[in-house]
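Trainee: Could you slot chain C onto chain R? The hints should help.
Heads up: the sequence lines are chains R and C, in that order. Going letter by letter, the first sequence gives residues 1 to 437 in the UniProt record's numbering. Going letter by letter, the second sequence gives residues 1 to 437 in the UniProt record's numbering.
Hints are not guaranteed to be accurate.
Pairs count within a copy or across copies, as identical chains cannot be separated in the list.
[What the hints assert, rightly or not] Each computed EDC-like pair below joins lysine to aspartate or glutamate, with the alpha-carbon atoms no more than 16 Å apart:
hint, residue 1, residue 2
1, Lys161, Glu203
2, Lys155, Glu8
3, Lys354, Glu292
4, Lys146, Glu85
5, Lys270, Glu125
6, Lys257, Asp246
7, Lys235, Glu223
8, Lys187, Glu203
9, Lys146, Glu159
Keep in mind that the hints were calculated from the coordinates and are not lab data. None of these values were measured; they are calculated from a predicted model.
2 protein chains.
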Amino acid sequence: MIQPNIPESAQPRVVIVGGGFGGINLAKQLKHAPVQVVLLDRNNYHLFQPLLYQVSTAGLEPDSIAFPLRGIFSKQKNLVFRMAEVTGVRTADNILETGIGEIRYDYLVFATGSNTNFFGNKAIEQHAIGMKSLIEAVQIRNYVVKQFEESLLLKDPEEIKPKLNFIMVGGGPTGVELAGAFAELRKYIMPKDYPTLPQSLMEVYLIEAGPRVLASFSEKTSEHTMKALQDVGVKVLVNTGVKEYDGNTAILSTGEKIQSQSLLWSAGVKGVPVAGLPQDIILPNGRILVNEFNQLKGFNNIFAIGDIAQMTNDPRFPKGYPMVAQVAIQQGKNLAHNLRLMMENKTMKGFYYKDLGSMATIGRNRAVAEIFNTRLSGYIAWMVWMVVHLMSLLGFRNKLVVFINWFYRYFTFDRGTRIIIKRGAANIVKLRQTVGS
Amino acid sequence: MIQPNIPESAQPRVVIVGGGFGGINLAKQLKHAPVQVVLLDRNNYHLFQPLLYQVSTAGLEPDSIAFPLRGIFSKQKNLVFRMAEVTGVRTADNILETGIGEIRYDYLVFATGSNTNFFGNKAIEQHAIGMKSLIEAVQIRNYVVKQFEESLLLKDPEEIKPKLNFIMVGGGPTGVELAGAFAELRKYIMPKDYPTLPQSLMEVYLIEAGPRVLASFSEKTSEHTMKALQDVGVKVLVNTGVKEYDGNTAILSTGEKIQSQSLLWSAGVKGVPVAGLPQDIILPNGRILVNEFNQLKGFNNIFAIGDIAQMTNDPRFPKGYPMVAQVAIQQGKNLAHNLRLMMENKTMKGFYYKDLGSMATIGRNRAVAEIFNTRLSGYIAWMVWMVVHLMSLLGFRNKLVVFINWFYRYFTFDRGTRIIIKRGAANIVKLRQTVGS
Chain R
1 MIQPNIPESA
11 QPRVVIVGGG
21 FGGINLAKQL
31 KHAPVQVVLL
41 DRNNYHLFQP
51 LLYQVSTAGL
61 EPDSIAFPLR
71 GIFSKQKNLV
81 FRMAEVTGVR
91 TADNILETGI
101 GEIRYDYLVF
111 ATGSNTNFFG
121 NKAIEQHAIG
131 MKSLIEAVQI
141 RNYVVKQFEE
151 SLLLKDPEEI
161 KPKLNFIMVG
171 GGPTGVELAG
181 AFAELRKYIM
191 PKDYPTLPQS
201 LMEVYLIEAG
211 PRVLASFSEK
221 TSEHTMKALQ
231 DVGVKVLVNT
241 GVKEYDGNTA
251 ILSTGEKIQS
261 QSLLWSAGVK
271 GVPVAGLPQD
281 IILPNGRILV
291 NEFNQLKGFN
301 NIFAIGDIAQ
311 MTNDPRFPKG
321 YPMVAQVAIQ
331 QGKNLAHNLR
341 LMMENKTMKG
351 FYYKDLGSMA
361 TIGRNRAVAE
371 IFNTRLSGYI
381 AWMVWMVVHL
391 MSLLGFRNKL
401 VVFINWFYRY
411 FTFDRGTRII
421 IKRGAANIVK
431 LRQTVGS
Chain C
1 MIQPNIPESA
11 QPRVVIVGGG
21 FGGINLAKQL
31 KHAPVQVVLL
41 DRNNYHLFQP
51 LLYQVSTAGL
61 EPDSIAFPLR
71 GIFSKQKNLV
81 FRMAEVTGVR
91 TADNILETGI
101 GEIRYDYLVF
111 ATGSNTNFFG
121 NKAIEQHAIG
131 MKSLIEAVQI
141 RNYVVKQFEE
151 SLLLKDPEEI
161 KPKLNFIMVG
171 GGPTGVELAG
181 AFAELRKYIM
191 PKDYPTLPQS
201 LMEVYLIEAG
211 PRVLASFSEK
221 TSEHTMKALQ
231 DVGVKVLVNT
241 GVKEYDGNTA
251 ILSTGEKIQS
261 QSLLWSAGVK
271 GVPVAGLPQD
281 IILPNGRILV
291 NEFNQLKGFN
301 NIFAIGDIAQ
311 MTNDPRFPKG
321 YPMVAQVAIQ
331 QGKNLAHNLR
341 LMMENKTMKG
351 FYYKDLGSMA
361 TIGRNRAVAE
371 IFNTRLSGYI
381 AWMVWMVVHL
391 MSLLGFRNKL
401 VVFINWFYRY
411 FTFDRGTRII
421 IKRGAANIVK
431 LRQTVGS
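With the rest of the complex left out, here is chain R:
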């Protein structure tokens, strides 16, 4: 019989749902706390989401940006990891319901992150491509390479264009970085791999509903980014929304139509709260309302951190903090501290977000960064971007492999991983069923 088999401990149990930036930083900080930490995640790895776009554009191996959670915590004796899908919570009984059985908690922390938000547009949701998970990124890579291979089999430019037009929706860092990477595919890989396909048949669009890209940055940086994207050949459309998309044609709010079989949606994210929480603390964007201690309203021992949590008491961020890694990391660390204080019956410390700055890369030698009240762009920003991301990657092996891939790509203009891993062999059907298709 399947059961969580979590050893009973005399110490209070902190159950953390989610092994993203928030969850692992909280868990790490509890290493020497007098608690039993139970970490749950549906995957067995921590995903370094900021580099996901490089996997989908054949720049990095999927394994390079994923780090096994058991590896991270192999030396943390007070932590138990279980790979499990959380299905609900019974707060009256302090019980979490999961795919591997019920798990009792003393303290419960939701660090479940966010999902792609299509804002209720079912047609777009059905046909657009999200990019939040590793398998999505790998499948985008497969799909993109396949679009090129299939374009070679067509003669009519009108049939080829929808295959080679790529639309990114959403002008935030993900959209900007994706658009830049696609522009590089066109510039460096297309002429080498597909010399018979005219480059004029491929277009990269970046569509943003607001008046500027990278809206969370300064206006100056937005302008600079917009210009840099146009320089590398991206068609940037601001003040423009996507009204309809059927998998072949996108109809914009301006009435313009773009033929494209690939619409990558990074225009929004939303929380996906677990069943069993009171509806009045769940906001329309799916985030859970928390106080300055990351506590859910009405609960003493249930918390939410990172993307899933919305904290509105900071006057700088009246609509809640941005859904970025830094907030999750800092909230994880602060909550670890607060849990200790709470158990010692001391007053907890309200969360204060220290904005370490943000950055986005546009492509080879080009990035923008706003750190320590300084605005950087171009080559310097690009170097800073690379160093920061390399340092943040978990694990020596991943750092080294990513560094080599970047180094190699810089000097060869090549992308090493543009392979299509197809399924198909008959005798893997069994595996597919078990591993979960």
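Mentor: Okay, now just chain C, sitting in the frame of chain R:
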């Protein structure tokens, strides 16, 4: 409309089916020949099969042992690559039938390799796991890690054992290397990642129908290998076959039963010839009978090389050459030479196989090799094995990434890529359908 869109050329067209060791070596040697080369493969990459077992045991990323075919041939102007599945041949019309349309040929070369051979045992075929393709290797990795995760959820040792018993069938190099790698998983990874699972619950079996493992090596090497495998804890059973397997229990020819949900089959390979060839030149093992020039009997302009070809005129190998990379490489090169001779109306040169030796690794610091009439084992053989495999890998990036993974693993006893890449998100359904599930 989909069509192959292969440009017409005044030069004769050589169509090569398969981008494995045989196909790419033939294609490369034809770089300066007065021919148009059309290379077809169902995948867009060349797979370095000798290291496939390391992908399935979480030692290497799948991308490290795959190299995009377009990358290999980006500078070969007389070559056209198309990703296509070949479905048949109409020899009377010199037409190859493929999933992307009909392709005319002047010379046709089958270099399609081999598939797993279950020797007609349907029950075993249904439940066993083959290991010939990249996706199979990735799925084995996912599956193995999942077996460990699920074992944690069980309390009864009798329920756990079938999950942690791994059976390799076939004592050739693949079976030996797999068994060695699984033994290392038990020795180094299991205590670190799953300290609560007693190692005694995991067994690794290597089952060989003949009297010794590595039958193609000398008896001395076989003995040495057998001892080395036993040293690392593999249960080696020779003179033993698998009679039945239902996905949970393997019944051996000795009557012994082994509980296991994982039976990896590397006990044989077979050719899968294309439809349309005369039946009398297709052998029971699926290989195509060729003469010393790799020509199919009855055809002047159709050839087969590598695993799919059976050449029986070498008295050293009355049953045909072994199905190994070296034969394919050498036949590819020889055929390139012969095609030139043929077009100049000169006499072709019969193939002569130069055995460069063979090797197999058993694990950390242990390998066996027989090269230049010298028998090596232990640390030296292991170093030779690594150097030879690194040098043979295509591409600087792959060499470097594989080297780093090995280097890292050697000093940390860690395996970096033990992650489970699951499918599941709703909005990738469309992608899955197109990319081919």
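Trainee: Given identical chains, is Lys270 near Glu125, meaning Cα to Cα at most 16 Å, within a copy, between copies, both, or neither?
Mentor: Within one copy, since 13 Å is at most 16 Å while 45 Å is not.
Trainee: Within, between, both or neither: how does the pair Lys257, Asp246 come out at a Cα-Cα threshold of 16 Å?
Mentor: within (12 Å within a copy, 55 Å between copies)
Trainee: Pop the pair Lys187 and Glu203 into one bin, within, between, both or neither, using alpha-carbon distances up to 16 Å.
Mentor: Result: close within a single copy only, 11 Å intra versus 52 Å inter.
Trainee: Under a CA distance limit of 16 Å, which applies to Lys354 and Glu292: within one copy, between copies, both, or neither?
Mentor: Within one copy, since 14 Å is at most 16 Å while 75 Å is not.
Trainee: With identical chains treated as interchangeable, where does the CA-CA distance between Lys155 and Glu8 reach 16 Å or less: within a copy, between copies, both, or neither?
Mentor: between (67 Å within a copy, 14 Å between copies)
Trainee: Could you place Lys161 and Glu203 in one of the four classes (within, between, both, neither) given a Cα distance threshold of 16 Å?
Mentor: Classified as within: same-chain Cα gap 8 Å, cross-chain 55 Å, threshold 16 Å.
Trainee: Please work out whether the CA atoms of Lys146 and Glu85 approach to 16 Å or closer within one copy, between two copies, in both situations, or in neither?
Mentor: Answer is between: at 14 Å across copies they meet the 16 Å cutoff, but 32 Å inside does not.
Trainee: For Lys235 and Glu223, with the copy left unspecified, which applies at a CA distance of at most 16 Å: within, between, both, or neither?
Mentor: within (14 Å within a copy, 66 Å between copies)
Trainee: When Cα atoms must be at most 16 Å apart, do Lys146 and Glu159 count as within-copy, between-copy, both, or neither?
Mentor: Classified as within; 15 Å inside a copy, 43 Å across copies.
Checked against the numbered hints given earlier, this structure breaks none of them.
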